[in-house]
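Trainee: Sequence:
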Amino acid sequence: MRAENDMRDLHAPGGHVPVMLERVLELLAPALAGPAPVVVDANLGLGGHAEALLAAHPSLHLIGIDRDPTAIERSTARLAPYAERTTLVRAVSDELTEVLAEAGRPRVDAVLFDLGVSSPQLDEAERGFAYSYDAPLDMRMDRDQELTAEVVVNTYSAAELIRILRDYGEERFAPRVARLIIKERGNEAITSTKRLAEIVRTAIPAATRRTGGNPAKRTFQALRIEVNAELTALERALPAALDALTLGGRVVVLAYHSLEDRLTKQVLAARTRETGPPGLPVPLPAHQPRFALLTRGAELPSEEEVARNPRAASARCRAAERIREAVDKE
Numbered sequence: 001m002r003a004e005n006d007m008r009d010l011h012a013p014g015g016h017v018p019v020m021l022e023r024v025l026e027l028l029a030p031a032l033a034g035p036a037p038v039v040v041d042a043n044l045g046l047g048g049h050a051e052a053l054l055a056a057h058p059s060l061h062l063i064g065i066d067r068d069p070t071a072i073e074r075s076t077a078r079l080a081p082y083a084e085r086t087t088l089v090r091a092v093s094d095e096l097t098e099v100l101a102e103a104g105r106p107r108v109d110a111v112l113f114d115l116g117v118s119s120p121q122l123d124e125a126e127r128g129f130a131y132s133y134d135a136p137l138d139m140r141m142d143r144d145q146e147l148t149a150e151v152v153v154n155t156y157s158a159a160e161l162i163r164i165l166r167d168y169g170e171e172r173f174a175p176r177v178a179r180l181i182i183k184e185r186g187n188e189a190i191t192s193t194k195r196l197a198e199i200v201r202t203a204i205p206a207a208t209r210r211t212g213g214n215p216a217k218r219t220f221q222a223l224r225i226e227v228n229a230e231l232t233a234l235e236r237a238l239p240a241a242l243d244a245l246t247l248g249g250r251v252v253v254l255a256y257h258s259l260e261d262r263l264t265k266q267v268l269a270a271r272t273r274e275t276g277p278p279g280l281p282v283p284l285p286a287h288q289p290r291f292a293l294l295t296r297g298a299e300l301p302s303e304e305e306v307a308r309n310p311r312a313a314s315a316r317c318r319a320a321e322r323i324r325e326a327v328d329k330e
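First residue of the sequence shown? That's 1 in our numbering, and the numbers climb one at a time after it.
Calculated from the structure, these hints are not laboratory results.
Mixed in with the good hints, there may be bad ones.
Claimed, not checked - Straight-line distance between alpha carbons at most 27 angstroms, and here's what the computed DSS-like set of lysine-lysine pairs gives:
1) K183 to K194
2) K217 to K194
3) K217 to K265
4) K217 to K183
Claimed, not checked - Computed Cβ-Cβ distance ranges for the label pairs, DEER-style:
5) I323 to A207: 43 to 53 angstroms
6) G34 to P310: 34 to 44 angstroms
7) P30 to A83: 23 to 33 angstroms
8) E84 to A158: 46 to 56 angstroms
9) P175 to E26: 37 to 47 angstroms
10) A206 to T97: 44 to 54 angstroms
11) E170 to P239: 18 to 28 angstroms
12) E73 to A326: 30 to 40 angstroms
13) P175 to G213: 20 to 30 angstroms
14) R163 to A206: 20 to 30 angstroms
Idealized CB from N, CA, C, for every residue including glycine.
With the hints as extra help, turn the sequences into a complete structure.
Mentor: See below:
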């Protein structure tokens with residue numbers, strides 16, 4: 001999950017700090033040293049990272065993207081002092097190429113992905129993201145879309161439920177949870193977070209319930225990812241961001257669960273390795289890597305940061321830099 005707000009003002013909207021802010025600023029700074037740099041914040045949220053970037057780089061133009069109209073509204077107010085240097089767009093991150101084209105900036109110097117669900121979405125009970133509140137089963141980041149968690153829970157087949165629970169929640173008891181959901185919805189539609197959490201708890205063996213936190217955590221994560229097509233968006237958005245980077249441009253990704261981090265690792269690994277036949281004495285230009293990793297594995301937040309901001313605990317940071325332009329007719 002994303003947790004954010006200005007480190008300089010703990011009383012800023014929401015009362016949280018942007019995750020790994022100092023490290024994000026450090027990683028992106030070399031790419032933003034030019035006379036008129038452009039950065040994309042592909043998951044704008046409350047605008048905590050965006051505000052810090054704009055403050056640190058007086059000539060920077062920031063393009064912020066978020067599908068949640070509430071996020072756009074709040075970050076617009078927060079970034080008002082920088083309004084002449086910001087372009088905020090309500091869109092999904094995988095529309096990045098179209099957003100940049102519309103903004104007249106097809107190439108950019110840096111892109112930040114701060115993945116997952118933001119603090120306001122978690123903390124506002126009516127959004128239905130959290131099992132700690134009793135609320136309608138919603139979980140939509142974009143509340144104009146039709147698919148909700150309630151629709152998934154009450155209409156998906158057993159096979160579909162098992163698939164998303166296994167693939168997106170890494171729930172080893174997916175068949176048990178799916179069977180009980182289908183049984184319970186046959187009696188009465190499942191419409192609240194509290195009832196779903198109770199059903200999941202009942203489905204998980206007692207010995208397992210005693211360890212590993214709330215047993216509903218994995219199911220709620222799976223539903224949220226399905227409702228918002230989060231992994232599908234990242235799978236398209238991250239390559240598009242890499243393609244848009246100028247020479248020396250950088251991408252930073254903050255992931256909050258193993259699925260996001262694994263996908264990020266795979267995409268970056270594919271762009272940072274040679275693709276030519278093995279054994280050649282000199283690598284062919286068309287097959288040399290276009291990017292270099294800036295982080296060794298996934299970097300973690302410091303113990304001090306986690307103590308100050310517990311929601312940062314699951315963060316994993318990866319970054320890469322464009323070191324070569326693409327070669328025609330690869």
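Trainee: Hints numbered earlier in the text: which of these fail when held up against the supplied structure?
Mentor: none
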